[in-house]
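Protein chains in written order, with our numbering: chain A, 219 to 690; chain B, 219 to 690; chain C, 219 to 690; chain D, 219 to 690.
Hints should not be assumed to be uniformly reliable.
Because identical chains share one entry, a pair is satisfied inside a single copy or across any pair of copies.
[Unchecked claim] DSS-like, lysine-lysine: derived pairs with alpha carbons at most 27 Å apart:
1. K344 <-> K545
2. K597 <-> K260
3. K690 <-> K679
4. K504 <-> K575
5. K246 <-> K233
6. K292 <-> K246
7. K260 <-> K665
8. K286 <-> K690
9. K292 <-> K342
10. K260 <-> K647
11. K596 <-> K639
12. K292 <-> K629
13. K545 <-> K246
If you are wondering where the hints come from, they were derived from the structure by calculation, not from laboratory data.
Number of protein chains: 4
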Amino acid sequence: MKLWGGNFKSDSNNKLNSFNSSLPIDIKLYKYDITGSRAHVKMLAAQDIISEKDKDLILDGLTIVENKIEQAIKNGDYLNYDAEDIHSLVEELLTEEIGPIAGKMHTGRSRNDQVALDIKLYLKDKINNIQDLLKTAIITLAEIAENETETLMPGYTHLQAAQPITLGHHLLAYAWKLKRDYDKLADTYNRHNLSPLGAGALAGSSFPLDREMVADELNFAGITENSLDTVSDRDFILDFHSSAVNIIIHLSSLAEEIITWNSPNYNFIEISDAMSTGSSIMPQKKNPDVAELIRGKSGRILGNHTALATSLKGLPLAYNKDLQEDKEGLFDTVDNLFEILNILPDFLKSISFNRDKLEKATYNGYLNATELADYLAKKGLPFRLAHQVSGRTVNYALENNIQLFEIEIEKFQEILDKVIKSSQANNLKIIIDNELYSWLDLKNAVKKRKLPGGPAPEQVKKQIINLQNLFK
Amino acid sequence: MKLWGGNFKSDSNNKLNSFNSSLPIDIKLYKYDITGSRAHVKMLAAQDIISEKDKDLILDGLTIVENKIEQAIKNGDYLNYDAEDIHSLVEELLTEEIGPIAGKMHTGRSRNDQVALDIKLYLKDKINNIQDLLKTAIITLAEIAENETETLMPGYTHLQAAQPITLGHHLLAYAWKLKRDYDKLADTYNRHNLSPLGAGALAGSSFPLDREMVADELNFAGITENSLDTVSDRDFILDFHSSAVNIIIHLSSLAEEIITWNSPNYNFIEISDAMSTGSSIMPQKKNPDVAELIRGKSGRILGNHTALATSLKGLPLAYNKDLQEDKEGLFDTVDNLFEILNILPDFLKSISFNRDKLEKATYNGYLNATELADYLAKKGLPFRLAHQVSGRTVNYALENNIQLFEIEIEKFQEILDKVIKSSQANNLKIIIDNELYSWLDLKNAVKKRKLPGGPAPEQVKKQIINLQNLFK
Amino acid sequence: MKLWGGNFKSDSNNKLNSFNSSLPIDIKLYKYDITGSRAHVKMLAAQDIISEKDKDLILDGLTIVENKIEQAIKNGDYLNYDAEDIHSLVEELLTEEIGPIAGKMHTGRSRNDQVALDIKLYLKDKINNIQDLLKTAIITLAEIAENETETLMPGYTHLQAAQPITLGHHLLAYAWKLKRDYDKLADTYNRHNLSPLGAGALAGSSFPLDREMVADELNFAGITENSLDTVSDRDFILDFHSSAVNIIIHLSSLAEEIITWNSPNYNFIEISDAMSTGSSIMPQKKNPDVAELIRGKSGRILGNHTALATSLKGLPLAYNKDLQEDKEGLFDTVDNLFEILNILPDFLKSISFNRDKLEKATYNGYLNATELADYLAKKGLPFRLAHQVSGRTVNYALENNIQLFEIEIEKFQEILDKVIKSSQANNLKIIIDNELYSWLDLKNAVKKRKLPGGPAPEQVKKQIINLQNLFK
Amino acid sequence: MKLWGGNFKSDSNNKLNSFNSSLPIDIKLYKYDITGSRAHVKMLAAQDIISEKDKDLILDGLTIVENKIEQAIKNGDYLNYDAEDIHSLVEELLTEEIGPIAGKMHTGRSRNDQVALDIKLYLKDKINNIQDLLKTAIITLAEIAENETETLMPGYTHLQAAQPITLGHHLLAYAWKLKRDYDKLADTYNRHNLSPLGAGALAGSSFPLDREMVADELNFAGITENSLDTVSDRDFILDFHSSAVNIIIHLSSLAEEIITWNSPNYNFIEISDAMSTGSSIMPQKKNPDVAELIRGKSGRILGNHTALATSLKGLPLAYNKDLQEDKEGLFDTVDNLFEILNILPDFLKSISFNRDKLEKATYNGYLNATELADYLAKKGLPFRLAHQVSGRTVNYALENNIQLFEIEIEKFQEILDKVIKSSQANNLKIIIDNELYSWLDLKNAVKKRKLPGGPAPEQVKKQIINLQNLFK
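Hey, can you work out the whole structure from these sequences and the hints?
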């Protein structure tokens, strides 16, 4: 059935019908479409545009229709419907149930404002779900970090071991990234939480609709302000895509690290058998497929953002059929985020950390070189010179294949004096004492890094409490 | 000068220096870099990490350095500096001024948290500027709309004339789109308004820095919560790109419409000579170059978003040099938005509307067909049947090459009766009366569309007031 | 069934199985997978790696398996298989048929080279199909153009009427664009027409496989040269995406023009009812949905390119699970191109051109201004001065609301003399004669533009012949 | 100076001039613009459209202009020119030199075909240069590989050690990837090697131009076939972007591996001091900045592709000002590829390989498990069962913390027998003999993988010869 055609003399081409149909995609919206229709019909009755009797008839009919579609989806039969889209399907099925009175449901409404409403209802729902999943991921990271607040590991920059940190601190970095994503989703939700219904095809309606009543019924914070803007607007989808991009970029980094840590050369972690996969040809391997797939899915999620932005570019007001292309990418991104965030906590919990390897790696690479420089700076040496002293000392240690704490105090002093001499700062007088060795101890070094946001165990514990408090 | 090298035995390769240098790009940040250093140095003194005397020396030196760099940029000389980046350059110039004491400025700080700070300061500034420019654009649209609240024009869907609207209403659709962009920028600003300084290279610092003091000094709302997250985070840029994408997508639509309306077949507008360009070979043409360039710039701004997201994908914690690629695209997007939003109000004001053409176009295409259907629906005919009657009536009018209001009342009734007969609703009894003709009057039709957000002049005036109130 | 697991002590997590499974996607490859296995098995026998008897058993079994899967897809049952991917499914079903001998099929092969083979076979097939569809589109454009070689219309730049052309010439512009796409696909096909089989998991095989024999059997031009490159390479998909982007960008322009030409203000064309759609609320409209959808689909096709490139970024050698993300976007782009190119010729043929409107539009906008300049240039006036004379003459015509050919010869001369006087070229002596009026005739003007590639009817006819000859 | 304006009554707005000007960008094209003008002017004279004398005057003038612009660029003065674009600038400077005769240069030409020509000439040149740089990179990889044909290392899939390969083989994988890029550039060059000149503004010319002569003079293989297509076509840039994307994706992988190999946990390589950078705060670090920057630049190069495709989407024929946005991204991609490919060979040569670490890593992870399976398969065991035996044997070795070659033959047989028993293949009789141990030797294992394209030293040597022969 088509909702149009009164002015058409010949039937649609079959290819057109198939090319044009969005039902295989937008069937996903059926619950939201019916929810929206219920609110619309109640308002029509409240405004005396339709009778109470017709309203009741329609509402009862919609319940039957909802069940029918639900069944059809379960059975995989829904593709046999030949309706053009979900809106036509619902009206068609309703007409089957209650006759031409069904036609009154569409009074004062167009598919243009209706589809905007459906997608907004869908998106509000999904944003809430994804926020819940993010919350679980954040809490999971915090729980795991709780056991690792004292676990020493190398902090990396340029994938070079740089300074000692704690594993808990490292894991929480991702919790804070996901927390930002959570907040971005909240902002996206709030900015777009305005009901489009009543915008009509593009120019509102001459019926005395009560737009606010519909908005209230559907838990919107208000109504949109310009009907042309409303039916052409897809910012709510684009903004959701943008939030999704941030999430997947963050998770791609986490995945990258898990993959690296799982490689035999790192061997920082082991993923449980239940969350690994094997090779059809190499029996000894345990592959971190989950992490690789998450990393790989960064592509499609960015691609879906690019896709919608490109489709929207240069469209004139108000509705254009190009907008039909908005849904498939949205559903794809939502479904993939669900899959990813659904498996993520289990996957994270399936990882066991080889603490000894992590600690051992920390002692490989002079990660206390900064501490040496800081010690000297604290003694009054300008930081640039302190940095030079530290660099030369590392060179000396490398040549002699020893750790910094194995160097004698006289050697430190000797290097320091040379650097001062060759600088313009040769009136400086700095004496190195035994306290230096406590600076060079890595566990000490981490504990000293106790600024807010720092890797010291006490700060990591504070971060965990801060995160947990956010969701209380 | 390099800020590192103590551990290096051979000099850098020349190609490396040139490949690696970011100075030609990040020189743009010099003011923000120095502002950040001032706040850091004040805090160092307040925390007794450096002396008051050293602080004063450094602050005075920084003022001289700031002026020097400003001059160098003016003269185009800055490319002669051989510093690696803006941070090195400032320290190098400061050392020239005040000697090795300059080296104390970097105490407890790394280029990793410093560059995050610089970009955040830059971005806070630019977001405010762009919000101001958006505000001007919105107000300009509202001012122009104020003169066109009664100007009849066709509202389009599928670029087909659909329903009568007012030009004011059409223009305001863009004002509301830009208003959303304004709000999105505000959300972006607020989510990221946390000071990164104190995150150090990746692991904070063992110096007793006062991160909150620096944050206050620089008008941040607080500090970031995890040092590894802080130095690896570029969400603030990605989110800005996302806001910029929305802006340019909206403007690409506005530009598309201006180009179309300026084409001789539409002839809805004229762009003043001062804002048009000509052809090197076709002397009769006046080209809407401004609109075309705006539309074309959608590419680069989306591309810059794609670029950063791609660069960020799969990076491990914490800082990686890949992040150096964050700035050029950011500056490009900022500069282009500035250019666009700077010329936009003048360009919009340079357009004069051919009101008679707009009104004439409204009468071309049976734009009152919906009114006919609405009239019948109000009389009690289910909307689907009303739509059929209207469709057949349009067909009749087309065949006879007349307007709907030229059809006699008996003909309307005849078509209506036929449709009712062929439907299952043949117990319906609807009599068409003369009131129909007032529905078919287009100016009337627009006035009736007076729902909140609708095109009726009274609603357009309300929209204008609403917009103006937002910025009071 | 899993093809691995000998080293695993616990079963896979259910979420993992669902997250990891690619069967719902790669089932599309079943024919190519089986084709590849046939060639591999024949070679194994030819090389005495398996017996002739085993080979026959396997080949017979594969035929049964192929039919079974075909049925399962038809019935929609295939989702009930719990295999991990299409390769596992085929082996599992084969084992059901012929027992553990089925396991010999995988000798010397890995899923890593197998999936590369499957996709290449799929892509070779689809590229050929798409080339055929492009050919049909090109020939259709040429056929339509054949009737319009003399149809006058305005040529546009900046959507401003610029110079007179013929409709046939305009349509053929798209034929040549699609011709480039055809050639690009051919290049893509040829560059990647090398068999990957024998690359194994990543390091080839120690079995004496005959890679060339398999390549011959499967119509490849040769074999790949490095096993690590082979299993990590997805350039063939990326290059296909790039070809698809060009196609859809070209079609988005064609679609844009059809939409514009179909708008009532242009009214250059009518699309048949069978290829238009209507509005659920505005009965008078005929919407160019096909064109809008084609234009809208530019997004997803560019997005799919972005997606794969992003997924590939930064992957180490050799195979990574991220590559599993390569297929869904590929299938989506292929399916959408098929849909688009399948409907395109019918859609183009459904368009009728309003020749009188096209010609009338040509006379609206002084499209012969260039001819005036060219006439003067031919008389010896430097082109810049000729351009000035023409511009001033257009101004004169505009002020007097007349066409250029309505201006008297003395007026032309007067303007010319003034321009010469005010230039440094005042020793020039040029006399305007009556021949000018034949230059100003638009039909004449088009006929004169008879350079190769020009809009003159004789050249358009040549273009048509050239296009038709390409596919003979 | 503007090349238009005869029909304009008021001067351009200053903002417009600045917004509209492309000179700061397209000045880069000056040499190509002048080269194109030379060819055009020679043709004009050969066709008697201008005199020989005028031709000589113009050609001499162009030489002076070329030198002037070259100087201005060197001095950084060129920004003081107030011309709209490079085409206007050249004509303006020529007019300064030779007076109004300069105006004859533009006869029969438009900026629309001229700019297409300029970019094509630029691109032909740059493609050749980039091909040369790719060639050098390939040869460099081959040279380095030549010393590593026998260097054992682990081959990875999923970043898990999988099978033993040789370092030479690994490096050559990238050579073959770059070879494909080389070929793709060649295809791009050839498909677009057609001269656009003579397409005029959009509709060719009525002057008797000899398009073929210009094409010959400029080393094109022929001329374009449709003037509207010609001035609207930017496929040659889009295709170049696509080639660039492939290059940078390949290099991002190589960079990723270098970064990973350089991390202390791998320690497979050392980058020379001259090609590393240090930290401003951590004196012990040597960062692989070159690799990180290359990886990071994947973003901008993909972004530039996205940008152009988006700008092109939905543009009507023929020329639109949006196309002016084509150049900045192109120049950016070309410049960055130059920088990258220029430093790449030096960077690669600066890397020294820790062969002992590579070999040691190969023995860590049962990389001969596949060999065990292959041995059994060769003995007649179906591969799936062989895979099971191998998996269980690895488990046994893991539990006992021994290497596979340390297991006694009886143990192998025992595991084998159990697997056979539990399968349906229990009539099989396979006896394991001492030959197995030679299969388990990793150096042997690699040597056995001697299929074409395999990692065996003899095959790696062949690959090197094949690569070298390509460029002879």
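Quick rundown of the hints versus the structure:
no., hint, verdict
1, K344 <-> K545, "both (14 Å within a copy, 26 Å between copies)"
2, K597 <-> K260, "between (77 Å within a copy, 19 Å between copies)"
3, K690 <-> K679, "within (17 Å within a copy, 45 Å between copies)"
4, K504 <-> K575, "both (19 Å within a copy, 22 Å between copies)"
5, K246 <-> K233, "both (23 Å within a copy, 22 Å between copies)"
6, K292 <-> K246, "both (12 Å within a copy, 23 Å between copies)"
7, K260 <-> K665, "between (64 Å within a copy, 26 Å between copies)"
8, K286 <-> K690, "neither (40 Å within a copy, 53 Å between copies)"
9, K292 <-> K342, "within (24 Å within a copy, 36 Å between copies)"
10, K260 <-> K647, "between (86 Å within a copy, 25 Å between copies)"
11, K596 <-> K639, "within (19 Å within a copy, 72 Å between copies)"
12, K292 <-> K629, "neither (78 Å within a copy, 49 Å between copies)"
13, K545 <-> K246, "both (10 Å within a copy, 23 Å between copies)"
Of the numbered hints listed earlier, those contradicted by the structure are 8, 12.
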